[in-house]
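Novice: Spelled out from the first residue to the last, the chains are:
There are 2 protein chains.
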Amino acid sequence: MPSSHFADRLIAAVERARTPLCVGIDPRLDQLPTGMLERHIAAHPGEPLAAAGEALYEFSSRVLEAVAGEVGVVKIQNAFFEQAGAPGLDAFCRTVRRARELGLIAISDAKRADIGSTSAGYATAHLGAISIGGAEVEVIAADALTVNPYFGSDGVAPFIEEAVRRGRGIFVLVKTSNPSSSELQDLSCGSRPVYERLADRVWEWARVHLGESGYSAVGAVVGATFPQELAKLRAEMPGAIFLVPGFGAQGGKAENTMAAFDEKRRGAVINSSREIIFAYRKPQHQGLPAQRFEEAVLSECRSAKAKLAAALAAR
Amino acid sequence: MPSSHFADRLIAAVERARTPLCVGIDPRLDQLPTGMLERHIAAHPGEPLAAAGEALYEFSSRVLEAVAGEVGVVKIQNAFFEQAGAPGLDAFCRTVRRARELGLIAISDAKRADIGSTSAGYATAHLGAISIGGAEVEVIAADALTVNPYFGSDGVAPFIEEAVRRGRGIFVLVKTSNPSSSELQDLSCGSRPVYERLADRVWEWARVHLGESGYSAVGAVVGATFPQELAKLRAEMPGAIFLVPGFGAQGGKAENTMAAFDEKRRGAVINSSREIIFAYRKPQHQGLPAQRFEEAVLSECRSAKAKLAAALAAR
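Protein chains in written order, with our numbering: chain A, 1 to 315; chain B, 1 to 315.
None of these hints come from the bench; they were simulated from the model.
From the three backbone atoms N, C-alpha and C, an ideal C-beta is built for every residue, glycine too.
Any given hint could be a false lead.
So the derived label-pair ranges between C-beta atoms look like this [stated by the list, open to error]: (1) B:Glu212 x A:Arg292: 52 to 58 Å; (2) B:Pro238 x A:Arg266: 47 to 53 Å; (3) B:Ala135 x A:Pro238: 48 to 54 Å; (4) B:Arg97 x A:Arg281: 34 to 40 Å; (5) B:Pro45 x A:Arg266: 47 to 53 Å.
The following block holds chain A by itself, in its conformation from the complex:
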């Protein structure tokens, strides 16, 4: 029987797909294929948020169906769904469910955090089940959630507890991919920056939740835009799976992500979002009719896989 531990499931999904690529579903409403939103607006007169939610779900589920045979892991960005209010969150829940139906590992990229008793609420929403009149109801039911560490251990603990109880996982933000991540994360504490001090703690949280694969249910988010930091952090958190954003549109090259992998060429998933899902907006795909946007998505997904495979082979 395959292990139900999150890290084992993720590693198996990566092996099965033969790629560490993770496709990021960031459905920006103003970049959907021509006519898609308009069609849902026409179908929902006077209900613009419902129309937006349906458009977000149509786009996201079609991307998922296009890439399901190509990758093992997807990351679904909560912000672009929350913009459409309750219908948007409904679309988010359905998108996560669709990803899991397709056999994909679905990461809820919502970067939640609060004090402990409140974090438990977010943990229930994204990873657990809420008890309502004796019934346990799953809400988002993602395989994993991204978590912000600013509150320290007691803010993170409820996420770990809920994840471990249910064979799910978390990815703690350590070094993010954006230009100003240095402002707080790189502040020097003694001889080491904040993000390395945090890495020590993430590894403390992670090392007690290892699966059969040797990897943990507690992973780390480390941006592809800082390859040197990536290498150092890899050594400091040996069994933590890295979720690496910033490959593709954010400027990280495949070569720059290689330090995220361990000596077995495992232990990391490399995310690309806009570059793949909005591929139909690129000049080389301009002749493609809007209703066939998945062809551009699929082509760009294969190209990203090839770049990672070449970089891994050359490593």
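With the hints as your guide, set chain B onto chain A.
Specialist: Just chain B, lined up with the frame of chain A:
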């Protein structure tokens, strides 16, 4: 004409209510008055999340109606609504709207943050309006949002932009009220802890967005559980309004919050959540029928106001 600047509106609301008390709406589903959830379950057979959403809204709106004549500001905790999925987010949006209809300043306590282009999505959801087919639709439309600073300036900037454009505000987490806040926030950088280095930056963001009152649309979250830090931070961010959690159930006494105020006894709102909204669960209110839970809420709200007033007078 009264100023539409967020800080001016908040200061005016506090003056009108003659109290800096902010009531925190943290509707934990398992602590609602006896029978309330059950009634909504009966009304929504087979739709447990819809029942939960309706129960959360009934409870929250009744608390708001009970305290509307007593306070000027409320803080609504997103996590307990998100637990109920899309119906929960719908209840959250309606709760924020009800607070504003009652003339209250409504703070969305959702602690959102991401890289810049994604933060813009959350800013739209909580503080702005989404453009759908040419129409601008407000989603949550809170007066202010709590924001996590881990990403640095480019993660925070979209929230400031959206807030300032619409006469709204943000509160950036600086020193949180939970026990393990020290792990990351108190790391020593040179001679000063991380949270003070962050305070410098928050004040840079805040000082360029002052209203007529002399306070900024960019405020800070500083916990009541660390009174010494509070005093230091007050001096370092002179025009930033402090949102102070941790008074009441988290153990902060009224006296301990006094350092949050400036020499004019202004510039802070002091939040109490569980102590007030779940007052009917205390021994002294046990004789109160569940359908009259608001009486306990009102009584505890007045008691919290009196404690703050006495501490302010003794200052």
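Novice: Starting from the hint 47 to 53 Å, judge whether the C-beta atoms of Pro45 of chain B and Arg266 of chain A obey it.
Specialist: 48 Å, holds
Novice: Take a look at whether the Cβ-Cβ distance between Ala135 of chain B and Pro238 of chain A falls inside 48 to 54 Å.
Specialist: 52 Å, holds
Novice: Return holds or violated for the Cβ distance of Arg97 of chain B and Arg281 of chain A against the range 34 to 40 Å.
Specialist: This hint holds: roughly 36 Å between Cβ atoms.
Novice: So the hint says 47 to 53 Å: do the beta-carbon atoms of Pro238 of chain B and Arg266 of chain A match that?
Specialist: Because 52 Å falls inside the window, the suggested range holds.
Novice: Holds or violated: 52 to 58 Å for the Cβ distance of Glu212 of chain B and Arg292 of chain A?
Specialist: Distance hint for Glu212 of chain B, Arg292 of chain A holds at roughly 56 Å.
Of the numbered hints given earlier, the model fails none.
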